[in-house]
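Please model the complete structure; the sequences and the hints are all you need to start from.
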Amino acid sequence: MKERSLFFTIGLLILTMGVALIIKSGLGASAWDALAVGESKMFGFTVGTAVFVNGIILIFINAALLKKKPEVLAAATIFVIGALIDFWLLIVFKTFSPQGLISQSTSLVSGILTMGIGIAIYLQAKFPASPMDTLMVAIHTRFGLNLRTSRIMSEGFALALAFLFQGAIGVGTIIVTLTLGLVVQYFHPRFEQLFKTWGRRPSLR
Numbered sequence: 009m010k011e012r013s014l015f016f017t018i019g020l021l022i023l024t025m026g027v028a029l030i031i032k033s034g035l036g037a038s039a040w041d042a043l044a045v046g047e048s049k050m051f052g053f054t055v056g057t058a059v060f061v062n063g064i065i066l067i068f069i070n071a072a073l074l075k076k077k078p079e080v081l082a083a084a085t086i087f088v089i090g091a092l093i094d095f096w097l098l099i100v101f102k103t104f105s106p107q108g109l110i111s112q113s114t115s116l117v118s119g120i121l122t123m124g125i126g127i128a129i130y131l132q133a134k135f136p137a138s139p140m141d142t143l144m145v146a147i148h149t150r151f152g153l154n155l156r157t158s159r160i161m162s163e164g165f166a167l168a169l170a171f172l173f174q175g176a177i178g179v180g181t182i183i184v185t186l187t188l189g190l191v192v193q194y195f196h197p198r199f200e201q202l203f204k205t206w207g208r209r210p211s212l213r
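In terms of the numbering used here, the sequence shown opens at residue 9 and continues consecutively.
No lab work stands behind these hints: they were computed from the structure. A couple of the hints might just be wrong.
Straight-line C-alpha distance at most 25 Å; calculated BS3-like pairs for lysine-lysine [stated by the list, open to error]: (1) LYS134 <-> LYS75; (2) LYS10 <-> LYS134; (3) LYS204 <-> LYS75; (4) LYS102 <-> LYS10; (5) LYS134 <-> LYS76; (6) LYS49 <-> LYS10.
Between beta-carbon pairs, the in silico distance windows are [said to hold, decoys possible]: (7) PHE87 <-> LEU202: 39 to 49 Å; (8) LEU81 <-> GLY152: 22 to 32 Å; (9) ILE99 <-> GLY52: 14 to 24 Å; (10) GLY189 <-> THR17: 35 to 45 Å; (11) PHE87 <-> LYS134: 31 to 41 Å; (12) GLN201 <-> GLN107: 36 to 46 Å; (13) LEU202 <-> PHE53: 34 to 44 Å; (14) ALA168 <-> GLU11: 31 to 41 Å; (15) ILE64 <-> LEU202: 24 to 34 Å; (16) PRO197 <-> MET50: 34 to 44 Å; (17) LEU81 <-> GLN107: 35 to 45 Å; (18) PHE95 <-> ALA168: 25 to 35 Å.
We treat Cβ as the ideally placed atom computed from N, Cα and C, and that holds for glycine.
This is the structure in structure tokens:
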């Protein structure tokens, strides 16, 4: 349990740092994060709060699609994610504002790598996933579509809402969509092996 909690905490910390770097790049964020940025500007609350509110709504949507009770523990995951996004954006990177295409691109690429590594780490804990990730599975299960199509539908839904709320959509949105999965796919088996090795180490008495 200690190993799972450690991987979960570190993974989310790194993941949310990546989200913040991508948003700060000013080139566009992933669909769900772009939506949160738009909502934060429109309604005057923080990006992390918007992420949390969206997550809570999705918990009930996912429950309806899966015909199950709402996954209460997922609320804790999205709460932590929202709080950490605000931590990075409002405290650590408060004065960070990359200027020029090179600096912005560096921030974007660094964010994608960091976010992908964070996802690969936190998934090892096998705690309840964020409602945004669960939506893909819910669509897949409810309508019998393959995961790729389900992913496109869930991202398309978020992107349409991001347009509606004038979110942070740009070339970075396309780049994140096309590359984030590859980063996760590359690092996931490596951290999976690390997690297994960590779990087999002898305990100190």
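Discussion item. Hints numbered earlier in the text: which of these fail when held up against the supplied structure?
Written reply: 3, 4, 6, 7, 10 and 11
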